[in-house]
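Asks: Chains U and L, in that order, give the protein sequences.
So the first sequence is numbered by the working numbering: it starts at 1 and just counts up by one.
So the second sequence is numbered by the working numbering: it starts at 1 and just counts up by one.
It is worth saying that the hints were derived from the structure and are not from the lab.
Hints may be right or wrong, so weigh each one.
To be verified - Footprint (simulated), chain U over chain L, 3 or more residues, beta carbon under 8 Å:
{"#": "1", "stretch": "267-274"}
{"#": "2", "stretch": "301-309"}
{"#": "3", "stretch": "433-440"}
Note that the Cβ used here is the ideal one computed from N, Cα and C, for glycine as well.
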Amino acid sequence: MGKRVLVVDDEPNIVLSLEFLMKKAGFEVEVARNGQEALAAIARRPPDVLLLDVMMPEMDGFEVCERLRADPRGRATKVVMLTARGRDSERQRGLALGADAYVTKPFSTRDLVARVKAMLEEG
Amino acid sequence: MSGPRGLLWSFLLALGGIAALLAWGAAQRLFAVDPAAARLLGAVGLAALPLAVLFGRLLEDRFLRPPRTLARALELRLEGREGDSLPAAADSLLAPLLPPLHQLLARLGELEGRLEGERAEATRALERERRRLAAILRDLAEGLLCCGADGRIQLYNDAAREILGAPPGLGLGRPYHLVLDRLALDHHWRLLRDAAGAGAEGAPVSRPFLCSTTDGARILRCRLSLLQGEAAAPAGFVLVFEDVSRRLAGTDAERFLEEMGYAWRGPLASLRAAAEILAEAPDRERAGFLHVIEEETARLEEILTGLSERARQFVIAQWPLSDLALADLLLLLRERLGERDLPFDLVDRTGEVWCSGDSFLLGQCLLTFLEALARDFRVLRGELAATAGEEAVALELRWQGATPDREWFRAWLDGPLFGHRGQFTPREILLRHGARPWLVPGEGGGRLHLDLPPATGLHPVARRPALPPRPEFYDFDLPLPEEELTDLLDRPLSRLVFVAFDLETTGLDPDHDEIVQIGAVRILGDRLLRGEIFDQLVDPERPIPATSTRFHGITDSMVEDAPPPAIALARFKTFVGEATLVAHNAAFDLAFLRRKEEVAGVRFDNPVLDTLLLSALLDPEIGDHSLDAAAARHGITVRARHTALGDAVATAELFLALVPRLRRRGIESLGEALAACRREARRRQRIVGAGAGTGDE
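Okay, chain L solo, but in the shape it has when bound (with noise of 0.2 Å):
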């Protein structure tokens, strides 16, 4: 008891105890005096606490009342759950601020009405254009990912998804590093925003290059590009990618293209030598028949020399490689040397010379030797020199001190390349820059020589269109939590990321029994991003009762192939990422998790919010908040009931229902979400008993 109404009811009751006390103090005196009097003094005294609660409770009903009955229809019709119809108070005091009341609620709703309109206008149209953008994307053949400077995914296509195999780490608002090689694109894109920052006239715009994923498994050919902002700085960049795996792996077909250039030399060698020698022959017309083949031949070798010349421009033409000075590609080396601690000294001897290379791969081949040559031979000093020729630009590394051997020189063709994932070998990157690597012994030191193509002085690289910084197509407001430093928990629910998920178990006690299903489904801001789902069955290494299959529908047969709990849970957890969880009923869903983190070696502290909490905070006049009580309650349909991404995705669109709800209660920070959950759970401790606990199951 609180307010005016505890205020009113202490000082009523005070004043009837204090009445009382006195009255029966007075007529104690009283008695030896005049008995008579003072039995009805103390008849008044007995009475003047019932008088002081009557008098109370006329004056709750006549001022007290009348205003709490106002607030409520106030509250719900602010909550836009009832209608402008206030309660008729003709006879109370409050009666005078009915009128200029309704008439502020007519003004409110032709507000409402009208801004209603507005934005069903403006969804609309921007429903036009998202429909156009998502056309395009869904026809491009190419992966697209868009980034913000941040590294953060704004948009990503169908073909992305596809092509970088649907990891659990792609989604909107997550880094791209995730997904896609960090090494090689931070590489490309730091070249691309120096360039633009450079502001150098016809700086390249966009650069080619290739990159694994992150787990190795696959090769892209990409194309980076910056995408520019109202600033001066870049907003992010674009990417597209297309995956090269299988066609770098078809390198046989291509090694017999460029042995097709050279494999009928030694054969036409012999011929031609033979026909010399029989044309010496003296016999005349023997001579003239053989000149004939001779000349012939002479032709043959004209031909075949341009065949071998083209073989290896196809070689080359696969690999997409751009102009690039040595020069920086000793700063680069020089850079990463320093990162990985390793004092060499590299004496710059590289000139003006430009060549055709990717700088990353070339950089990550030289490193790696430069590693293994300090590492074998303690040599710590040497030289990069560049020489352009006509046909190709040598680069030469030399130092002195220890000369390495051929199987030492063979290991470092055929060994890891530094930083990158599988697939490449030196050896297999500098033949396709078509560059035929060879080590020269010297006197007490050695070279190592390469031979790159020539720089094309031409950048096969798109120039800037001309075109407004930002096409009308894209929406790239996406509600993204770039504000890194801000608390998460000051954040409001609207600029958070989410992820709501449900389990299915073999049974109801977390101790005992085992999940079997994984669903989940990421909300960002206040989108339900249905294309970024978690849909997992787990095995759960136990036969699973009937009783449970009747519920969920999934038998042992169905989990025979799944992965174990350990397994399905980091990938979970990779989904999940920093997002903050939602779930009906949580409780009940976090138990299984977190008896599952030791053996995922993964740790499931996110923010949990729960919608049966968060429904029974709202509505707490209603008894029943099972997520289907509370689904129909606010318009959902649930599709696909009591599979794990059915339910998740349900309970996203009721946490989605109820955010407007919270936020007119002035629950608007995830903080304020999370206490608000946490009162309420001690709240429904306490009444337990009386039979509240309506959960999900």
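Pulled out of the complex, with its shape left as it was, chain U reads as follows (with noise of 0.2 Å):
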């Protein structure tokens, strides 16, 4: 069976691009549209990368992060923030909330798929 992706963004033109990435590169993929829909999601059944936009209305990536974190199944599910925000700061916020990588936006559409997967292989 082939890994799940979770892909969190108020962000129409991106969802729809990384949606056909992630499907291009082999992942079963769902989408949600903000945090709430994000933890509903997760709640159901957590996938296996998450990749999660920090600047949502309501609440944020960082809070998203640390709610999966807090549930004792959301444990091994790997997170890719990505941001608008380029700041150093902010990626070590997310890697302290328990963040696997921080991508800042823009940024190049092959990185982001090889890290995806190199990151799965990794376990």
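Fit the two chains together into the complex; they arrive one by one in their own frames, and the hints show the way.
Replies: Printed below as a string of structure tokens:
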């Protein structure tokens, strides 16, 4: 059975591209438009990879990540945070909250796919 | 009757009495022997008293009156009210004294003239310098405030008054904390003094910081510098400030600027991803074209990255930050915790790390955090750690024992800041430092992470200029009441602060009438401070009778928007402070003030001097001591008679004219002046039936 990716972003255009990319790379893809939807999807079935936008209204990516890690079933999920804020301190914050990678927008799609694949191979 | 005159008369009358008694007694015994001789003796006895009186008159005219006349003439001459002419007394015993006295007076006149000339020249020179300084201060757009080492204001400019909102507590010789937030200013002043005291080479001599007005209504951006005196210790400080309340309120614009830095990144990411996907299509031409788009996208990314950093710098640059050793921040925290009796054990892991920040505000943020930790979770131990990175200095507060949740964290970020009035929340302050705080939950504990701007390495403060310690165009020798320990009553009048005031009322009965206007002006030593006035209409909360309106010109409609007595009097008390009150016929005005003390929640227990009583005391031979008459006698023109402020200024000028005359009478200290007022009041009460009570109204 293929690996599952949950894409969480409130921007439909980037979701479209990410969905296309991840499917092309051979993953099973699910989409959430905000933090609440993401938590609901995780609660149903934790994904193998979470592509998580940081800046979302209401509940931001940091909070989603924190809650995911607080749930024992969410510990195995690989979290890649995507953000427009490029400061180093934001990166540190994401990593401190339990993210596995922190990618600044805009990014190279080839790099992103390669990174997700490598992450899953590491286990 | 006292002195030589009393003695003389007592002696003569006693002598006459005894002679009469003796003659009468002898006559009675003699009567049986020789009635005619006894009658003669009796007549002599009867004549003894009138004879003694006649003899006394003669002696008084000849010996006692000439010295008194001469003494009075000399007194008048010394008071400067008469010329050098002395009463001619060629036949008196004093005649030999007159020539040398005339010589002495001539010599005295010559010296006085020379002194007067020198004084006038010195005064002119001083005035020139004052005017030059005044011009400099007037043209300064920033507020300027100089204080002595005792924290009392020695100088301020018009801009300062305006920026501070003309508070009633602002005045020469008054403590600055009546108008500026004491916590922040004291903090930075002490740091400067400590640095100067340590004598470190290149120690900063000025500090930028933010401070609010005492009422919390305005935020000022300040720069504090030490005022170097002749002694090693600083003689005080100079504060230059501007109002940034509005600028800080304009944070929406700044947030927008900051957002500009990243708002484009999301769409750009979509664009790039789409372009990359399209680029993988097999068509060669399309792939080449799309490659260009990809390249341009990358360039745009580069530009935007630069922009976002500039926007961030812009936000931080609005805030005055200075280099700060985090170890000092920790010491400050420990000290504040001690003051608050909070036994929080804070371990130092700050090392040698420096950052850039406002030490006072950062300290208050952390203090508020520690207090909340202790209060809500009983956490009483933690450590403050700092790590220097390239982009920022990471400051972490770590503790064990409890993990606060996000709501608690938000409540702290948006809650009140300890010891600061409104205006700032920790979120606002940390945002201004470019530090986005976050809370990291840990196993049974947590840490607060702040990214602070790194130290600049160069102190952004002015170096000590190579100027003489006292620039020539300053005059800081104001008669300030710096000798706090000296008993007020012993202090000479020339070293005191006075507030001359006057009230306009709805009538003359303090029990039934009300105040409609308060006017006052401050006097510092012998200087009338025409710029430090109090001019306030008061709503008497009852109709103003036409009879009194005719007198002071104040109508019901004029006081419609005026504050009620309680508020007006509280403001007036702030203006007065601890100064000695001066009023003409003070008992009248005081009766009105006293009756409102309770509703206003203040007490006018200041010493009070009465210019009417002082004038009556100095010129007992004159009957009219009304403000008009007394002012006219001293060459004072009353500019706005029967307005409270106009009368207050006239009273102040009259008072300043009376003080040197009192001094010549040996009344120099406040205690002596108060006693003189009391004596004169008692004297006038005794003769009040004779119609001596000519009041101000």
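Asks: Test coverage of the stretch 301-309 of chain L by chain U using CB-CB distances below 8 Å; three residues minimum.
Replies: holds (count 3)
Asks: Residue count check for the stretch 433-440 of chain L against chain U: does it reach three with CB-CB under 8 Å?
Replies: holds (count 3)
Asks: Mind taking a look at whether chain U covers the stretch 267-274 of chain L? Criterion is 3 or more residues with CB to CB distance under 8 Å.
Replies: holds (count 8)
In the structure shown, no violation is registered for any of the earlier numbered hints.
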